[in-house]
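Student: Between the sequences and the hints, there should be enough to build the whole structure, so can you do that?
Heads up: the protein sequence lines correspond to chains A and B, in order.
With our numbering applied, the first sequence covers 1 to 168.
With our numbering applied, the second sequence covers 1 to 161.
Hints are computed from structural coordinates only; laboratory data are not their basis.
Glycine included, each C-beta is placed from N, C-alpha and C at the ideal position.
Any given hint could be a false lead.
Claimed, not checked - Footprint (simulated), chain B over chain A, 3 or more residues, beta carbon under 8 Å:
hint, region
1, 105-111
2, 118-131
3, 142-155
To be verified - Partial list, computed: chain B residues near chain A (C-beta under 7 Å):
hint, residue
4, 48
5, 62
6, 76
7, 79
8, 148
9, 149
To be verified - Every beta carbon over 10 Å from chain A, so not counted as near; a handful from chain B, in silico:
hint, residue
10, 15
11, 24
12, 128
13, 133
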Amino acid sequence: MVRRPVAAALALAAAALGAWVLWGWLWPDEAARVKAAADRLARTVTALAEPGGGVGQLAALDDLRELLAEDVVLDAPRRSLRVDGRDAVLALAAASASGGRRGVLSFTDVGVTVAGDAQSAAVTATAQVSGRGADGRAELDAFEVELEFVRAGGTWLLRRARTVDVLR
Amino acid sequence: MLASIWLGANPRRTLARGLALVAVSLVLFGVVLKPIRASGVSMAPTHEPGDLLLCYALAYRSSGPARGDVVAIRLAGPGVVMVKRVVGLPGEAVRIASGVVEIDGVPLDEPYVRRRQPWTYDEVRVGADEYFVIGDNRSMAMPLHDFGRVDRRRILGRIVW
Chain A
1 MVRRPVAAAL
11 ALAAAALGAW
21 VLWGWLWPDE
31 AARVKAAADR
41 LARTVTALAE
51 PGGGVGQLAA
61 LDDLRELLAE
71 DVVLDAPRRS
81 LRVDGRDAVL
91 ALAAASASGG
101 RRGVLSFTDV
111 GVTVAGDAQS
121 AAVTATAQVS
131 GRGADGRAEL
141 DAFEVELEFV
151 RAGGTWLLRR
161 ARTVDVLR
Chain B
1 MLASIWLGAN
11 PRRTLARGLA
21 LVAVSLVLFG
31 VVLKPIRASG
41 VSMAPTHEPG
51 DLLLCYALAY
61 RSSGPARGDV
71 VAIRLAGPGV
81 VMVKRVVGLP
91 GEAVRIASGV
101 VEIDGVPLDE
111 PYVRRRQPWT
121 YDEVRVGADE
131 YFVIGDNRSM
141 AMPLHDFGRV
151 DRRRILGRIV
161 W
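Tutor: This is the structure in structure tokens:
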């Protein structure tokens with residue numbers, strides 16, 4: 001039989017944990033908001049590549065536009081790829097989606113550092129793209145990325161995305 | 001009676017043993033031997049997609065990786081890692097000619113490589129805190145295969161299973 005003080009302590013600990021979780025859910029800090037922006041970006045890119053095209057793709061492109069800063073830069077040195085500006089990035093995204101490449105993009109091991117003025121944030125993460133190849137076999141591509149977000153009108157927008165060359 | 005069925009004649013001892021087992025497992029598989037699910041074909045045929053691997057995280061506490069070691073390399077964190085084989089050690093010159101890895105000009109014997117494409121890779125010098133890593137699958141096109149010099153600090157441990 002569990003003694004009363006122990007039971008009380010366990011109940012108090014459970015209540016404190018629940019309160020802490022609820023607090024974080026109701027009033028997320030800026031780092032959590034930046035991470036949410038990154039997750040939304042991943043979901044939008046994934047939606048862009050879903051089969052069917054047409055209206056769904058247009059809606060996804062519209063969503064993507066709202067997540068990008070006007071001066072956004074995509075930089076992938078190992079692939080000799082650099083794209084400057086939101087319109088160029090959207091054009092690339094539309095072309096990639098039309099090219100038939102399908103996959104689910106997600107970010108793991110996400111680390112967020114918000115600047116002191118809370119107007120910019122640096123994110124490190126592992127980007128995973130999972131899907132099926134032409135032969136039907138499951139494929140996974142993973143690479144490290146550095147993202148920079150800036151705050152505009154209360155919303156975190158992607159300003160820069162750069163792949164990190166882990167193997168030089 | 002139900003408790004006796006599940007917990008035996010001495011429930012307290014059974015619970016204590018269960019907790020001890022959980023604690024040991026957490027330490028063993030959380031700190032010492034980290035499970036990794038292989039994905040991708042760069043280490044085939046040594047490790048095929050779907051294989052369950054174990055990374056010994058304490059392997060390099062007192063010394064660095066040795067040539068031939070299969071290691072886990074972290075990306076942004078430990079959640080997703082690359083698995084590659086060490087072929088070049090700090091200070092060595094590595095190049096690939098006609099699919100054969102050469103270390104300081106000497107061809108490397110690699111019995112784990114089954115088939116090779118005639119890769120060509122210009123010589124690079126491995127830094128003092130670096131290792132040259134590459135996958136075992138040399139039958140794939142070189143642009144599709146990630147390999148090169150990696151910072152020592154990114155190596156999480158040695159694949160032992």
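Student: Work down the list of hints and note, for each, if the structure agrees.
Tutor: Now the hints, each set against the structure:
no., hint, result
1, 105-111, "holds (count 4)"
2, 118-131, "holds (count 4)"
3, 142-155, "holds (count 4)"
4, 48, "11 Å, violated"
5, 62, "25 Å, violated"
6, 76, "4 Å, holds"
7, 79, "5 Å, holds"
8, 148, "4 Å, holds"
9, 149, "5 Å, holds"
10, 15, "12 Å, holds"
11, 24, "24 Å, holds"
12, 128, "14 Å, holds"
13, 133, "7 Å, violated"
Of the hints listed earlier, those the structure fails to meet are numbers 4, 5, 13, in rising order.
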